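J.: Those protein sequences? They're chains B and X, same order as listed. Residue numbering for the first sequence follows the numbering used here, starting at 395 and increasing by one per position. Residue numbering for the second sequence follows the numbering used here, starting at 289 and increasing by one per position.
Just so you know, these hints were derived from the structure itself, not from any lab. Any given hint could turn out to be false.
As the list claims (entries may be wrong) - Here are the simulated DMTMM-like pairs of lysine to aspartate or glutamate, each with C-alpha atoms no more than 20 Å apart in a straight line:
| no. | chain 1 | residue 1 | chain 2 | residue 2 |
| --- | --- | --- | --- | --- |
| 1 | X | Lys-468 | B | Asp-649 |
| 2 | B | Lys-397 | B | Asp-649 |
| 3 | X | Lys-468 | B | Asp-427 |
| 4 | X | Lys-354 | B | Asp-585 |
| 5 | B | Lys-501 | B | Asp-405 |
| 6 | X | Lys-468 | B | Glu-620 |
As the structure is a computational prediction, the values presented were derived from the model and not from experiment.
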Amino acid sequence: MNKIDWAAFPDARGHFGPYGGRFVSETLMGALDELQAVYEQYMQDPDFLAELDHDLKQFVGRPNPLYHAERMSQELGGAQIYLKREDLNHTGAHKVNNTIGQALLAKRLGKKRIIAETGAGQHGVATATVAARLGLECVVYMGEEDTRRQTQNVYRMRLLGAEVVAVKSGTRTLKDALNEAMRDWVTNVDDTFYIIGTVAGPHPYPAMVRDFQAVIGREAREQHLEMTGRLPDTLVACVGGGSNAIGLFHAFLGDESVEMVGVEAGGDGVETGRHSAPLCAGQPGVLHGNRTYLMEDENGQIIGTHSVSAGLDYPGVGPEHAWLKDIGRVNYVSVTDDQALAGFHRMTRTEGIIPALETSHAIAHVLDLAPQMRPDQSIIINLSGRGDKDLNTVAEREGITL
Amino acid sequence: MSRIEQRFAELRKQNRAALIPYVTAGDPEPGATVPLMHALVEAGADLIELGVPFSDPMADGPVIQKACERALRFGTGLRDVLAMVAEFRKTDTTTPVVLMGYLNPVERMGYETFAQTAKAAGLDGLLTVDLPPEESEDVVGLLEQAGIDPIFLIAPTTSEARIDHVARAARGFVYYVSLKGVTGSQTLDTSALAARLEGLRRHTGLPLGVGFGIRDAETAGKVAQVADAVVVGSAIVRLAEEHDGDADGFARAAAVVVSEMRHAMDAARSPGAAATV
């Protein structure tokens, strides 16, 4: 691969090659210009960055450990496995890295009201949390189907003072929650800040969310160098919209020896059509403000997705991933619901860490990958979230009533 | 001269504003759309805006969302919609037809295939709500070659600098979104509208259409005093829901609403009418 200047992406209009951009109705263009301006300004502002660092340390609990999963590494008999412990963040997932950052921008902009979309509820909880802390009004849109799958997170958000709106349109999942959040934003654009939870949406969101999540990879790179004296051989992360994966990958993009794997939700198997794996089985199109890989039919209608994990149940993916796929920098694969469940149990029983079902997809891939590697090689898995929210789903799937 | 230019030129001579009803193609069922289009023209429509059903209509309120869902039950796709335009053109060669929808179905079909198929069907314009001029270079070039006008939106939030940019890219007419929000929203501030349109005319010589929030004949009349075209969507589409699958009943009710608006608009432009805006 030719040397790529990774810092040059996205371009000034938010393009990663043919992907990304800003495909929204005219009413939002001014708000996006304003957001881009403040984001560019404050990412250079020492006071803002100091406040962000302070919050990440004191409120989120960063840096979190890079943990050597010795027992799992031994059992699999191949590469050494390291876990970047985003599950140990306050609110239990990587999502808060981004909501802390965007909420600080909202405060700088003087916005009084925060809105967000959520799938599994982790981003909604992370948003409701920062809104509570800053005393901002908060409305979270969640597909009705997901509010049923994730009742605990719904209650958590309500405890935090957020209004949770169950979205009843379309397929009643994450994509419809995003549509509804966009409709809210277009109506209340003057006083409302929209905190998008993943590296998708119109520019500058994919770049901005990436920059707030990139702390994951910066820490992991430094920690791995310190622990082993070398860079890891492979990074593995699950990909729904792709924010935890970009967060881990970004600091390593220029390290040519480091391979990267993004793991999509294969649902019942990509061959069945019941999955959420646009990079593996979709094609480019335009949805939710950006051009990227999508799951769609021959008429360009977005089709229903399926995954055991609500957080990966989305028909699109961040545009930077689409580009990283096309240029071959990251390899994208999928694992099925059943494989993810096996990963969930293996991690829980071997390392005493209950991972989120989203994260379990990355673990499942490593169960196959690690034995093909040598013990002097290493893999970092982004342990992107903890699994407490998924206990009902897992139990139900296994015929257990809690 | 394009059909859209021709139509606005005729109306200007008559001192009338254009009435542009919007209906979602395939709602309540695909066979209903072409007869409905003819009925709207009969009732006084000057131009038809035909909605392309989309699974994720982000800029639309509940009324048009549900219309999309009804149309998609029959799998109404962009190719079907273009076939409806071609069918309409067989007996109406003068009423301009503009498609309104979202970009992804056009992307999926391919810009070039779309432009060619649309030209053959007799389409006059394309308005994709999620395609700002910044991202439109590829498609606009192909549309122009095919003689199809790209219609762009200007919103209350559009800055002076952007207005010029949008106006330069626009053809046919400029669609002014009269309020912040989704289609079918509640209130339209007609007094602010007059000043805003006055400002826009300094940037473009194209006709100015106004849409979003025009719910009844009275509002249509007020808007017609200051705008060159009045776009009415949800106020018509909600009748499809009320008539619950009865396509003929829907068409009759839609014709009544269009006819009322037509009269109110013409009365508002008549020499004796008092300026109420």
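J.: Holds or violated: Lys-468/X with Asp-427/B, Cα cutoff 20 Å?
T.: It holds: about 17 Å lies between the C-alpha atoms, which stays within 20 Å.
J.: Check whether the Cα positions of Lys-468/X and Asp-649/B lie no farther apart than 20 Å.
T.: Measuring from Cα to Cα gives roughly 46 Å; hence the hint is violated.
J.: Decide if the proposed pair is consistent with the structure: Lys-468/X and Glu-620/B, CA atoms, cutoff 20 Å inclusive.
T.: This hinted pair is violated, its Cα atoms lying about 53 Å apart.
J.: Need the status of pair Lys-397/B, Asp-649/B: alpha-carbon distance at most 20 Å?
T.: 11 Å, holds
J.: Measure nothing beyond the straight line between the CA atoms of Lys-354/X and Asp-585/B; if it is 20 Å or shorter, mark the hint as holding.
T.: 28 Å, violated
J.: Lys-501/B and Asp-405/B: Cα distance at most 20 Å?
T.: 27 Å, violated
The structure shown violates the earlier hints numbered 1, 4, 5 and 6.
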